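Starting from the known structure of chain Z, arrange chains G and V on it as the hints suggest.
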Amino acid sequence: MASNGPKLLPAAQLDALFDALQRRGYAVVGPRLRDGAIVYDELKSMADLPIGWHDRQGPGRYRVEAGGDRALFGYTVGPQSWKKYLFPPHETLWRGQRGENGFAIEPPPPPPRRAFIGVRACELQAIAVQDRVFTGGAAVDSRYAARRKEIFTVAVNCGVAGATCFCVSMNSGPRASRGFDLALTELLDAQRHDLLVEAGSDAGAEVLAELDAPSAAQADHSQADALVAATAASMGRQLDTTEIRALLYGNAESPRWKAVAERCVSCGNCTSVCPTCFCSDVQDVTSLDGSTTERERTWASCFTQSFTHMAGGSARVSTSSRYRHWLTHKLAGWIDQFGTSGCVGCGRCITWCPPGIDLTEEIAALRADAEKP
Amino acid sequence: MNADGSDPWVPQPWRVRDLRRDTSDVFSMQMAPLEGVAPPFKPGQFNMLYQFGQGEVAISISGHAPDGGILHTVRAVGAVTRVLEQIAPGTVLGVRGPFGNGWPVEELRGHDVVIVAGGLGLAPLRPLIEWLALHRADYGRVDIIYGARKPADLLYPTDIARWQRDCNIRMRVTVDNASPGWPGEIGAVTHLVPSIDLDPAKTLAVVCGPEVMMRFTVLALQQEGMEQSAIYLSMERHMQCAVGYCGHCFYGPHFICRDGPVFRFDRLHGGLIVPEL
Amino acid sequence: MTPLEQLAAHPFFAGFDPALLAVLEPCVHERQFGKNEVLMRQNQEIRECHFVLHGRIMLETCDTRGVCMPIQTLEGGAVAGLSWLVPPYHSFFDARVLEPVTTLAVDCQCLRLAMDNNHDFGYKFLKRAVRSVMNRLQASRLQLAEVYAHPTEPRR
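Protein chains in written order, with the numbering used here: chain Z, 1 to 373; chain G, 1 to 277; chain V, 1 to 156.
Next comes chain Z alone, as it looks inside the complex (with noise of 0.2 Å):
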């Protein structure tokens, strides 16, 4: 008889998981490994996963290598982020054509039906926060919402937590308590490898439902909560969030800012692997003759001069100016603007940033500094 309560699903067997997403007409999505990193692309099967790879990370630094295991999700956040399908890096916001009343415009295709499979508890949470930004005020970004409401989510609960991990912290992870259909832990050891699945909506109930898989025991839940309880207690970073808001604000012009900004060489990567970063610019791609444009939205980063350029120039123009409004703005003014922080605790920016800036220790060192009598 089909139950919807928790399963458990033999690990060798998560293909039934993969028919039934693609039965319903999604595209599953999930890691894979490319170039030396864990990526997100598409997946036909379970084969497509990384299985027995594992990542090492630290300021900087990112490695991946093979663990002589069998596991599935044994790894932690890459260089991507869900955000590449939600708010991709280039999308077409309409087409026009020049006409006799001016200009017609033509709205983009519908986007396609995805199942996102291993997504991390600091991105569900990094889902929720892009959420409120471009469907939560009074604008709702269109597109956005449309490719939102075709995504069916499969959370992974971490069995490990990176050395720039700090969801703890931010209070996001290691286990996944909303926002997904379902949600996976991934139970390895000698004896064992199985996978506890548990459904967080009534998509995912449907989908629990059709897995022909036995009721997980107590034993299992044990298990599994031993697991996540051992990610938390080993992050790799704390960021201590108390009053971060004033600690910001009221230290906007601390030498801090400028000694951080001879180590920043204002790439950019840090808004690019941030799951939660938003900015885009939107131009023209105008044909040659004029007759045909495409309304284009680019992501754009605050660490570009041009980011604040006016008539006259640009509003900041150091790099200590844009290292503040970045990390001022993630930490601080997304709570004014948006009722939560911009950070979920993923550590990509430490990880891919060049120089290998690690905002928990600029954040120790703005508190240790605004603390000195």
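Hints were generated in silico from the structure; no laboratory data involved.
Treat the hints loosely; a few may be bogus.
[Claimed, not checked] Here are the simulated lysine-lysine pairs, DSBU-like style, with alpha carbons at most 35 Å apart:
| id | chain 1 | residue 1 | chain 2 | residue 2 |
| --- | --- | --- | --- | --- |
| 1 | G | K202 | V | K124 |
| 2 | G | K150 | G | K202 |
| 3 | G | K202 | V | K127 |
| 4 | Z | K44 | Z | K84 |
| 5 | Z | K149 | Z | K84 |
| 6 | Z | K149 | G | K42 |
| 7 | V | K124 | V | K35 |
| 8 | V | K35 | G | K150 |
| 9 | V | K35 | V | K127 |
| 10 | G | K150 | G | K42 |
| 11 | G | K150 | V | K127 |
| 12 | Z | K258 | Z | K372 |
[Said to hold, decoys possible] DEER-style ranges, computed between Cβ atoms:
| id | chain 1 | residue 1 | chain 2 | residue 2 | range |
| --- | --- | --- | --- | --- | --- |
| 13 | Z | E243 | G | N101 | 49 to 55 Å |
| 14 | G | S24 | V | D116 | 51 to 57 Å |
| 15 | Z | M310 | G | P66 | 29 to 35 Å |
| 16 | Z | Q305 | V | Y123 | 49 to 55 Å |
This one's a predicted model, so the numbers in the text were calculated from it and none came from an experiment.
For glycine and all other residues, C-beta sits at the position ideal for the given N, C-alpha and C.
What follows is chains G and V alone, placed relative to chain Z:
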């Protein structure tokens, strides 16, 4: 989608009915939608004007125009505005808007109002002045100080004459530089602030102009006894989406486009002092 | 109102101790000037400084042909003739009446003497004068800054 179900990214086609030059680098366009009339706007709001294939630019609304149209006063200063300067009446532009919060017309009600405009800053103030003129009895004394670089740069001369003549508005016009024979004032706008003889207990001030001018004006108003919380100003930053998700107009915790462009001075992050916010 | 009472009501003296201000009693007189009359002439000694009650004054600087450059306008509430502060007590500009002017004219020698004899008055008066000079200086700098110029245009 917007509250009315339309897509905030999609411009509506409007026809430019009239384009005339105000000064050497400023021009005004009367424009109206191809269908229907312009949507209602609040004084101080802005539109995004789109020239097909060229791009978009944020321009404050300067007032109503005949037959359901509106007026935009534009300075030819960037790539898009320089193209707009050259278009012929009849051209169809895209319009998104109106956006932004606008001037605090309700808060001003019952108060004496001091308006200080600098340069092109009069353009977004014009609808506010027209509003005050239309609802004159709801407001106390209205004083306007308008500063420009030189007499040839002054906007809306016929409106200025009308406001003074017909609307019980005291208006002082001052320029930084004048040739002999200029009948108005010479000097910075701040220089005229004491002459208003304002009563800080019942006055609210509205300031719009270049940032430096606004900063000095706030100081001059404070010297007359006004609180920061009684002073409103309009901020300008690079804008693209106009609805709070492209990020270009961030200023501290504010989206200038969505939370502004008008801010009460005591609530404006950094008080126009912290550089490169 | 006596000239002294009128002087006490001028914005320059707002909140000033009336007992202290009384030392100016022998120094102050009301003056009227018609259109185009000149209150002060450049390079000439300032005998009286003017606390303007009504009217408008143009500060201008003129060459020997009589071609004048307008510098700044002054009006009710302003002070004209602040150069009495420093030797040789000469005016830098012409102060010409644009619209009929009423002022309270304070004899500069009398004022300096009052300040010398009563340092408490002198100190408090000077604080007001410095504020007035300061405001005028800052406004002049703002005027020079060409804040309304096209943002891409080079400033002078």
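TODO: Enumerate the violated hints, using their earlier numbering and listing them in ascending order.
DONE: 13
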